[in-house]
Every structure is written in structure tokens, then in C-alpha cells.
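J.: Here's the letter readout for the chains.
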Amino acid sequence: MSYWKIAWRNMQQRALASSLTGLSMALGVALMVLVLVIHEVVVAQLSNDAQGYNFIIGSGQGSKFEIVLSTVFHVGTPLYPMPYRVYKQFTEGQFAPYTDVAVPVCLGDSYSTEDGQRFRCVGTTPDMFDKLAYGAEDDGTEKRYRFAAGRNFKHENFFEAVLGSVAANRTGLKVGDRFRPTHGISGEGERHDEFEVVGVLAPTGTANDRAMFVNMEGFYLLSGHALAPKEGAEPLPPAEPGVIRPLPEAQREVTSILVRCRADQMMAPMAIEMGVNKGEDRAAQAVAPVNVVERLQASFLGPMRMILLVLTVLIVVVAGISILVSIYNSMSERSHDIAVMRALGASRAAVMSIILVESILLSLLGGLAGLAIGHGALAVASPIVEYYTGVTVRAWSFTWQESLLVPALVGFAALVGFLPALSAYRTDVAKTLGGAR
Amino acid sequence: MLLVENVRKSYVEPNGDLLPILDVKRFEIGPGEQVVLRGRSGCGKTTLLNCVAGLTAADCGRIIVNGRDIVSLPEAARDRFRASYIGFVFQTFNLLPAFTALENVLLGMTFTGERPDIPRARQLLESVGLGHRLTHKPRALSVGEQQRVAVARALANRPVLLLADEPTANVDPAHQQQVIDLLRDACRRENVAMLLVTHSPEVSAQFPRVEQLEEINRATLVAQGGATV
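Chains as they are written, first to last, in numbering that gives the first Met the number 0: chain A, 0 to 436; chain B, 0 to 228.
Just so you know, these hints were derived from the structure itself, not from any lab.
Even for Gly, the Cβ is constructed at its ideal location relative to N, Cα and C.
Treat the hints with caution; some may be incorrect.
Here are the computed lysine to any residue pairs in the SDA-like style, where the Cα-Cα straight-line distance is at most 25 Å [unchecked claim]:
| hint | chain 1 | residue 1 | chain 2 | residue 2 |
| --- | --- | --- | --- | --- |
| 1 | A | Lys430 | B | Arg132 |
| 2 | A | Lys173 | A | Gly198 |
| 3 | A | Lys430 | B | Gln177 |
FRET-style restraints, in silico, Cβ to Cβ [as the list claims (entries may be wrong)]:
| hint | chain 1 | residue 1 | chain 2 | residue 2 | range |
| --- | --- | --- | --- | --- | --- |
| 4 | B | Glu74 | A | Val324 | 28 to 38 Å |
| 5 | A | Leu421 | B | Asn190 | 16 to 26 Å |
| 6 | B | Glu74 | A | Ser1 | 15 to 25 Å |
Bound-form chain A, shown alone:
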């Protein structure tokens, strides 16, 4: 009979205690798995969301983090707006020779559902979906936006909108429906004019899934979005009946601009970064989102993960100690069995090995159960998380750190099993079997 079987029978004999210690180990490992996988997903998400362009041009008054958080992840308060001329610099001004695509982004409105869910409304141009990508496949090819229903909005149709997949799911809006954004992001502002949903994006796994994109031309025409005409400016002639005239550029502002540099201009990124950041009026700043995300990871997410990992490691250590305590406490009741095995010819090393195997088996089974529980929990939570956040959590994708868990657990179990194993090693057979004389 193998030592594994003997250890297994010992565990069966103390089924309740073994199950509870195994469960504590399983929960510790499950927590560790959750931390590892969620961190991996968050990092991948952050990196993924910030792909598809080189720079975000934002107001010179905000911080780089604010610019990335509000433009890329649709969180935080909207930024100070920039003059529209900054955008024009990328389409026909000094940065145009270096610019492949420049997509303006106007933030500040939101849409609330009856049950209180709020989504950011983003004013932009059709180029957002026609010309930009939202990440890269494993083979390096760009991920292009696709429409699950309908089409992109058209530049000339001012009051058309495209919804991200999560926003469409949760608002219940579909192609052909109309909605009225609210001024401001609190959901309590003035209700604007209606936009018609003309398209729903296929899921991208980015924060854009939670956004509602409206034609920037319509956005400018909403109440409170236009700057006052400059003093002395000539008033525009009255528009013909039934014709909606775009807002004059002098009355426009943009929140940020997504800029993709020309691939054939090696100096383009440097030229844009230097040109914007060293500009005379400092009205704008160029932010490389990848750098900001890296800083975010290094300064916040990395340490946070480390703290969580340390906590989960401590939980696993406590679980390991509970294995030690459980086995050690049982040593007096099983010393008789050990003595019998010794009388049957088991060496001290053999009985020590059996106890170590039991400790390893408990940790291993607890660890494997923990892996299953952790990934099972992710599998259960994955559709919910995806529904609410648009973040795709692949429950059965394993992080490389998890492959270290099993050997680490075996080593740890051998360590915690050593004390009771030593106790088994020292069992006095003659005394335990009753009487030395």
C-alpha cells in the first residue's frame, strides 16, 4: 500500500477536521487566484483601452491622469475644455503634416436610465469608429470597431448616436430608438434634444462599451455647449427653415483629441509632443496614454496587487498553520497507529514520510480545490462583470503565477508538516504500545 493511500485513509478517518483545514486552504488559494486574475484583467484592460492612438491632447490645466481617466476610461470629472483651434492645428495647422488621424472628443453630458444607471455621452466624429482601432490582436493586427447592429453615425446627420454594447444592453436602447442626454454628468441637469440611435457597437472589452457616442455637431448645438459669440463678431444670417446650421468654430471647444501619428513620419510623435507641450500659450498638453497607464500600474496597481497578494499569502500561511495544528493535535490520538505501523516494520523515516504526505495531500487538494473555486467564481461572475462593465474576464485563462502555486504549496506543506512528522518520528513504540517492561 502506498504512503499516499495510507495518508488518504488517515484523512478519511478524520474527515471533518481534514475537510475544514482543506477548505481553509482552498479559500486562501481561491482568493489568491482572484487577485492574480483580476489584476491581470485590469492591467490588460488598461493597456488595451489606451491603444489605437499615440496621444491624447487635453487641456493644459488638467493632470495627465485626469486626461487619460476621463477620455479613455470615462471616469472622473470632465476636463477643462480647450479652444477648437487646438483641434484645427491637427487637421490643417502646424501638426497636420504629422497627423494620420485626429478625433475630437467632447465630454460633459450623460444619460440616465429610469433605474438610475448613468452613462457618459461622448461627442465625437465618425472617424472615431472608421479610422481608429481599439487595440491589437495577438498577431499584431489592429482590432477595428464593428457594429453589432446598425451603422456609424454620419457627419451630416447631427443628431445621430452610436452606443457601446454595455450601454445598449443596460439602457435597452436599440437602433431606431431616441434618447435625450442630460447636461452634466450628475444626471440631474437639463435635458437636451433627442438623438437617434443608428448603431450599436460589438463588444470591445474596453471602457467604450459603457459609453454613448453622439455626433459632435449635434453635441455643439445642445443647450449650454456653445461659447458666447465674440464681441464684435458679425451675426450669422438667419438659417433657412428646416436647415440646422452647425455651430461656428469660434464658439466651439473640445475636451480632448485622440491623435494617431503618421507612420511614415518617424519624428511625428516627438514633433507633436514637443510642439504641444512647449506651445506658447500652454493651452494644451500631449499625453501618451501608454506611459500614463504604465505609471498607473507602477505607482498604484502594482503596489496594490502586492498588498493584496501579501494578504492572500498570509491567508494561505494561516491555512497552512491550521493544517499543522490539525495534524499536530491529532498526533496524540494517532500515536498508537504510528506505533503499530512501526511494530509492523515501518521505519521512523516511513512514518515521518506518511505524515508529510498527509500534509502535502491536504495542501494539494485544498490548493486544487482553491484553483477550481477561484476560477469557478470568476466563471460565475464573468457574465455579470461583462454586463455591467464591458470587461471580459476569461475565467479559465490562467496566469503564470498560478503555475507556481502547486509547487509552492507542496513545499509549504512539507514545511508545516515537518513538526508533526517529527513527532511521529520520535514516537516511542514500546511505550505507546503499552508498557515497557
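Position chain B relative to chain A; hints supplied.
T.: Structure of chain B alone, referenced to chain A:
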């Protein structure tokens, strides 16, 4: 087959003094011989059995089992030797409660370094009338059945010597004879020598050779003041 020669064993008392327990000049058992060892409580019967089994290291002398002096063997080798050549039947049977009857017998085969012989384990249990109780755990067996499993386990590795430490002490009088018959028949069948410790005159009376330990243990004689070493 078994030769105990000039074997001494003492224990250290709490005050540091040595307490001699065993001092046997010569004690011998032939192959297949069945011997009863008698003696009053505390006279060293169990210590002698433990020394012969290699569970307790003798202070000096020779204990030769099947041609090997186990006193001179290192502990690990002694354990292996015990697993292969010596069977043990205890007063309280000492079956492991987590294991089935078959597994208890297989456990006896586990520590020899060879693959457990499952057919032999089954055959042994069948030979003691437990062919239908192979998968039962000790708590599901009667006292008599437990003792039969213990006998099967002791014989599992085809030992040359079976040590039985008061095997009938926990068995009711009605079953004592069955246990003795079982042990004697099994040892005869397997050609195993047996050294059986008992207090029972009825049991002793059935054996051709009965040794009184006090007569061969000079440590006891000294303690009684009847002789000098």
C-alpha cells in the same frame, strides 16, 4: 531460529539510576517451535518481546533471528528485518481503524520494500474465515474477527517468528480457545515459530514448551535477592 544470548536491558529511572529489566544468558527457540513465556507482571516479558522484535534496542548481547543478529543492526535495518521476518500479534489486536480488513493485512506488507501481495492477503483472510469481510473496517468486525485479522496481518510477510503478546487477554473465555487454535494452526501451516506470552494456565497447558521468565531472567533474580549476577 531464535537465539537470545547474554542480552541485557536497563531503563534509566527519574533519579538517574539504572534499573535492570532484562538479563538473559541464553534462550532459544527452534524453527517452527511453539513456546509459551510466562511470568508475573513487570518481570520483563514485553521488554523481551520488544527486544526480540527490534522495537527496543538491547544494551548488549546477541539476538539472532534466522541467522541475523538484530542487536548489531542499525535501527532502519532492524525495522526492515522486522517487517520481513517477524510477525506481531498484540493484546489489543491493534488494527488500524481507518483501514479495511484487507488493507490492514496489506499494511503489514507495506514496509518490506516489496510490492504488497494482494492475492496472499486475500488468501490469508480467507484461511481465517474472513473471506466475506475483506472490505469491512475494524469497527464493523466482532472482537473475534478482529483478532483473526490481526493473525492474518502478522503472517502476511511469511515471517519466521511470530510474537504474540497475551493475544487472549481481551477475548472472552468462550473465544480464547479459538484464538489459540487459530494461532497454532496458522503457525503450523506456515511453519512459523511462535513465542507467546500469556498469564493463562489454560493456554500454557496446551503448549509443549513453557518457559518461566523469572527463571531465565537474571535481572529478576537480582531484584528478588535470590541470586547475584
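J.: Mind listing which of the numbered hints don't hold for this structure, in increasing order?
T.: 1, 3, 5
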